[in-house]
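Given these sequences and hints, build the entire structure.
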Amino acid sequence: MKKNKIKLIGSLITLGLFVFLSTGTVYAGQYGEEEYNLRFKITKEVRIQGDTEWKDKVTDVREGEVVEFRIKVRNKSDDPADATDDMKMEDFLPEEMYKVGGNGLTEEWDNFDPKDEKVFIIQAKVGSDEYDSDVRFEKCVVNKAELRWDGEFQGSDTATVCYGNIEPTELPKTGAFSTMGLSGLVLLVSGLVSKKYLKK
4 MKKNKIKLIG
14 SLITLGLFVF
24 LSTGTVYAGQ
34 YGEEEYNLRF
44 KITKEVRIQG
54 DTEWKDKVTD
64 VREGEVVEFR
74 IKVRNKSDDP
84 ADATDDMKME
94 DFLPEEMYKV
104 GGNGLTEEWD
114 NFDPKDEKVF
124 IIQAKVGSDE
134 YDSDVRFEKC
144 VVNKAELRWD
154 GEFQGSDTAT
164 VCYGNIEPTE
174 LPKTGAFSTM
184 GLSGLVLLVS
194 GLVSKKYLKK
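Using our numbering, the letters of the sequence shown correspond one by one to residues 4 to 203.
What the hints contain is simulated information worked out from the structure, not anything from laboratory work. Among these hints, one or two may not hold up.
Derived lysine-lysine pairs resembling DSBU-like cross-links, with alpha carbons at most 35 angstroms apart [unchecked claim]:
hint: 1; residue 1: K58; residue 2: K102
hint: 2; residue 1: K44; residue 2: K118
hint: 3; residue 1: K121; residue 2: K147
hint: 4; residue 1: K79; residue 2: K60
hint: 5; residue 1: K147; residue 2: K102
hint: 6; residue 1: K60; residue 2: K147
hint: 7; residue 1: K75; residue 2: K44
hint: 8; residue 1: K102; residue 2: K79
hint: 9; residue 1: K44; residue 2: K142
hint: 10; residue 1: K121; residue 2: K44
hint: 11; residue 1: K128; residue 2: K79
hint: 12; residue 1: K44; residue 2: K58
hint: 13; residue 1: K60; residue 2: K91
hint: 14; residue 1: K75; residue 2: K147
hint: 15; residue 1: K60; residue 2: K121
hint: 16; residue 1: K142; residue 2: K121
hint: 17; residue 1: K60; residue 2: K102
hint: 18; residue 1: K102; residue 2: K142
hint: 19; residue 1: K60; residue 2: K118
hint: 20; residue 1: K128; residue 2: K118
hint: 21; residue 1: K102; residue 2: K75
hint: 22; residue 1: K75; residue 2: K91
hint: 23; residue 1: K102; residue 2: K91
hint: 24; residue 1: K44; residue 2: K79
hint: 25; residue 1: K91; residue 2: K79
hint: 26; residue 1: K102; residue 2: K118
hint: 27; residue 1: K102; residue 2: K44
hint: 28; residue 1: K58; residue 2: K142
hint: 29; residue 1: K142; residue 2: K118
hint: 30; residue 1: K121; residue 2: K58
With beta-carbon atoms standing in for the labels, derived distance ranges [said to hold, decoys possible]:
hint: 31; residue 1: N168; residue 2: D89; range: 27 to 33 angstroms
hint: 32; residue 1: P117; residue 2: T163; range: 28 to 34 angstroms
hint: 33; residue 1: E66; residue 2: D88; range: 38 to 44 angstroms
hint: 34; residue 1: L108; residue 2: T55; range: 23 to 29 angstroms
hint: 35; residue 1: E56; residue 2: D132; range: 26 to 32 angstroms
hint: 36; residue 1: V103; residue 2: N168; range: 18 to 24 angstroms
hint: 37; residue 1: E66; residue 2: L41; range: 19 to 25 angstroms
hint: 38; residue 1: P117; residue 2: D54; range: 29 to 35 angstroms
hint: 39; residue 1: D81; residue 2: K60; range: 28 to 34 angstroms
hint: 40; residue 1: G104; residue 2: T62; range: 20 to 26 angstroms
Model, not experiment: these values are computed from the prediction. Glycine residues also receive a C-beta, built at the ideal position from the N, C-alpha and C atoms.
The following block contains the structure:
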């Protein structure tokens, strides 16, 4: 009986493997945005102006500071005949930010040869009204860039900017603490001494 059960389980496993292997194979990039990244690659990074390192995210952006976004677009093709025209990069700044310099939010170009790379830098600031708050807060917004070839979507990437009113609350100076502490100690000792003598 036990052997029959083992044979039955073995048959079911074999049947399952046969059904699985007979179905069509799904390759990476067959679905979703990955299929668009086979020929072109777009990457986006950010930094606070003056910093040397580009990152996916910046934090503690102060009011008035300039934030720089760097968008790179690369033609990954190895075929010399694969020069392309009608390329378009479009950047979507979040409503909390506004552009102050650099390249345009929309850039178009032709003659994009294999292994060529285009680099765009956009400078922006967080709106001053975003900092108008009486309470401490931190907020993060996402900036997105998209790539199109001949009107067809080819990929996108994002970078994150965080800002807020996160200054630590100012504490009383040490001198004030010392004076208050000393006064309290004097009052406490005086009270104990008075109580002691009153009991006599």
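Each hint tested on the structure:
1. K58 - K102: Roughly 19 angstroms between the alpha carbons, so the hint for K58 and K102 holds.
2. K44 - K118: 11 angstroms, holds
3. K121 - K147: 17 angstroms, holds
4. K79 - K60: 26 angstroms, holds
5. K147 - K102: 14 angstroms, holds
6. K60 - K147: Cα-Cα ~12 angstroms, so holds.
7. K75 - K44: 8 angstroms, holds
8. K102 - K79: At roughly 30 angstroms apart (the allowed maximum being 35 angstroms), K79 and K102 satisfy the hint.
9. K44 - K142: 29 angstroms, holds
10. K121 - K44: Within the cut-off at roughly 11 angstroms; holds.
11. K128 - K79: Given pair K128, K79 holds - Cα atoms ~33 angstroms apart, limit 35 angstroms.
12. K44 - K58: 17 angstroms, holds
13. K60 - K91: Holds, because 24 angstroms separates the two Cα atoms, which is no more than 35 angstroms.
14. K75 - K147: 13 angstroms, holds
15. K60 - K121: 21 angstroms, holds
16. K142 - K121: 31 angstroms, holds
17. K60 - K102: Cα-Cα ~18 angstroms, so holds.
18. K102 - K142: Holds - the C-alpha atoms of K142 and K102 are around 19 angstroms apart, at most 35 angstroms.
19. K60 - K118: At roughly 27 angstroms apart (the allowed maximum being 35 angstroms), K118 and K60 satisfy the hint.
20. K128 - K118: 33 angstroms, holds
21. K102 - K75: Given that 35 angstroms is the threshold and the Cα spacing comes to 18 angstroms, the pair holds.
22. K75 - K91: Roughly 12 angstroms between the alpha carbons, so the hint for K75 and K91 holds.
23. K102 - K91: Distance ~19 angstroms between K102 and K91 Cα, so the pair holds.
24. K44 - K79: 7 angstroms, holds
25. K91 - K79: 16 angstroms, holds
26. K102 - K118: Cα-Cα ~30 angstroms, so holds.
27. K102 - K44: 24 angstroms, holds
28. K58 - K142: Within the cut-off at roughly 18 angstroms; holds.
29. K142 - K118: 38 angstroms, violated
30. K121 - K58: 18 angstroms, holds
31. N168 - D89: 27 to 33 angstroms: Between N168 and D89, where Cβ atoms are some 45 angstroms apart, the hint is violated.
32. P117 - T163: 28 to 34 angstroms: Distance hint for P117, T163 holds at roughly 32 angstroms.
33. E66 - D88: 38 to 44 angstroms: Given range 38 to 44 angstroms: holds, Cβ gap about 43 angstroms.
34. L108 - T55: 23 to 29 angstroms: 25 angstroms, holds
35. E56 - D132: 26 to 32 angstroms: This hint holds: roughly 29 angstroms between Cβ atoms.
36. V103 - N168: 18 to 24 angstroms: 22 angstroms Cβ-Cβ, so the 18 to 24 angstroms window holds.
37. E66 - L41: 19 to 25 angstroms: 43 angstroms, violated
38. P117 - D54: 29 to 35 angstroms: Given range 29 to 35 angstroms: holds, Cβ gap about 33 angstroms.
39. D81 - K60: 28 to 34 angstroms: Given a distance of about 33 angstroms, which is inside 28 to 34 angstroms, the answer is holds.
40. G104 - T62: 20 to 26 angstroms: 22 angstroms, holds
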